[in-house]
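Student: Listed below, chain by chain, are the residues.
Number of protein chains: 2
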Amino acid sequence: MNTLIIHAHPEPQSFCSAMKDLAVATLQQAGHSVQVSDLYAMNWNPVASATDFQQRSNPDYLVYALEQREALKTGSLAPDIAGELDKLLWADLLILNFPLFWCSVPAMLKGWIDRVLVSGICYGGLRFYDRGGLAGKRALLSFSLGGQAHMFADEDAVHGDLEPMLRPLQRGTLAYTGLSVLPPFAAYHVPYVSADSREEILEQYRDYLRRLDTVEPLAFPSLADFDRQLQPLNNRERVPA
Amino acid sequence: MNTLIIHAHPEPQSFCSAMKDLAVATLQQAGHSVQVSDLYAMNWNPVASATDFQQRSNPDYLVYALEQREALKTGSLAPDIAGELDKLLWADLLILNFPLFWCSVPAMLKGWIDRVLVSGICYGGLRFYDRGGLAGKRALLSFSLGGQAHMFADEDAVHGDLEPMLRPLQRGTLAYTGLSVLPPFAAYHVPYVSADSREEILEQYRDYLRRLDTVEPLAFPSLADFDRQLQPLNNRERVPA
Chain A
1 MNTLIIHAHP EPQSFCSAMK DLAVATLQQA GHSVQVSDLY AMNWNPVASA TDFQQRSNPD
61 YLVYALEQRE ALKTGSLAPD IAGELDKLLW ADLLILNFPL FWCSVPAMLK GWIDRVLVSG
121 ICYGGLRFYD RGGLAGKRAL LSFSLGGQAH MFADEDAVHG DLEPMLRPLQ RGTLAYTGLS
181 VLPPFAAYHV PYVSADSREE ILEQYRDYLR RLDTVEPLAF PSLADFDRQL QPLNNRERVP
241 A
Chain B
1 MNTLIIHAHP EPQSFCSAMK DLAVATLQQA GHSVQVSDLY AMNWNPVASA TDFQQRSNPD
61 YLVYALEQRE ALKTGSLAPD IAGELDKLLW ADLLILNFPL FWCSVPAMLK GWIDRVLVSG
121 ICYGGLRFYD RGGLAGKRAL LSFSLGGQAH MFADEDAVHG DLEPMLRPLQ RGTLAYTGLS
181 VLPPFAAYHV PYVSADSREE ILEQYRDYLR RLDTVEPLAF PSLADFDRQL QPLNNRERVP
241 A
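Quick note, the sequences are listed as chains A and B, same order.
The numbers in full-length UniProt numbering rise by one with no breaks, and the one at position 84 of the first sequence is 84.
The numbers in full-length UniProt numbering rise by one with no breaks, and the one at position 125 of the second sequence is 125.
One thing to keep in mind: the hints can contain errors.
Because identical chains share one entry, a pair is satisfied inside a single copy or across any pair of copies.
Here are the simulated lysine to any residue pairs, SDA-like style, with alpha carbons at most 25 Å apart [said to hold, decoys possible]:
id : residue 1 : residue 2
1  : Lys-73    : Glu-216
2  : Lys-137   : Pro-59
3  : Lys-137   : Arg-198
4  : Lys-73    : Arg-210
5  : Lys-137   : Trp-102
6  : Lys-87    : His-189
7  : Lys-137   : Asp-21
8  : Lys-87    : Trp-102
9  : Lys-137   : Leu-223
10 : Lys-73    : Ser-17
11 : Lys-73    : Leu-233
12 : Lys-87    : Glu-163
13 : Lys-73    : Glu-155
14 : Lys-87    : Glu-200
15 : Lys-87    : Gly-147
16 : Lys-87    : Gln-204
17 : Lys-87    : Asp-161
18 : Lys-73    : Pro-191
19 : Lys-73    : Tyr-188
20 : Lys-73    : Ala-149
21 : Lys-73    : Trp-102
22 : Lys-73    : Ser-194
FYI, nobody ran anything at the bench for these hints, they're computed from the structure.
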């Protein structure tokens, strides 16, 4: 199995960075190939802009997704994007490893999503969810946060349930491109816990990574349940997958 | 009323940019003061990093939120952050104006959130939600997207309901800092509609902006309903707000 880890933390000695190192070691020990994109170390450019295309289909008006599709055909994606896209296409498993900033990824990692999940290959037209361009691959969020598990336990919790907080990432991004999304690994309360507790969290993460092949992916929509206008079909109209 | 518009679109001629221009004109005509941070035009740096602090409380290990708190006290926030924070504190109304990228803000705007919503002033400790540092101010998402309204109509829609998709932004970010969040303005299907339809959307946005004072904010948790550990209180224990 080929694994790509996208890591984005501004402190190389952070617990989150230790999670990344542990994932590399654990997966390699199990015989898998691993590549890491350490976005801060790479000085990754997170800003989607006109300079992402070495030639433009329409130089007068930027429609980003449209230029992505054209640049794919002409091989004119910016080299940093093309390099990351190659790694993504190589991978069977994508791990996004990050500290939760404002209930989402840091801008650095959002800019990897914005620029590397290229229209025309990762998704496009009616190719999304179970028909997405990355179908057959798996993905996983692994993140550290200051909050505690009970704060995201259910809709009565102070921040509500974890699922809606992660929905733009797990459903709107990963599942949208066809990836099978495995349950997230959340390292709670990290800045406030003891060294022993941190070791326990790392041990839990190691265990989780070792049994990935037995883990059931999360459920997301199937396009067979929607018509061409993406209106939900009633049960009688539903097309078998 | 003072309004700050944070605008992040890579194409200055975009519909989304027209929404920003319309908001400026409409609010100024109503006698309000408006400032705009056009993040692409400013070449805003979206990457939270150690260089955001002109002096460090702990130069050997970066805890971003902790350094924010210290930098506030010593006046050593990076000048671009301090400038945006001043605008935010000046504002009575914050509008985030952007194209929806992956069911969220573009990295450019995420980096404004990551860097400018400074711990120690916008939130911190038990100062969040209705006790957040920005309580008394209002905020609003205004965004353009390719999808149609029925795709986010409810939990049976192809992308589920709009609220969970916007939860990290509306609840996890804006409401978290104490802002009263007004209902979002979503400009649906923009790349695919006629010029007439675009004019209609702008007209709807103008109408919405003119009646902002009559608009009821969205509901979010009150910390009075949670104990010191942020466990939900049962009804008998609840403290009147």
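Student: Against the structure shown, which of the earlier numbered hints fail to hold, in ascending order?
Tutor: Numbers 1, 2, 3, 4, 6, 10, 11, 12, 13, 14, 15, 16, 17, 19, 20 and 22, in rising order.
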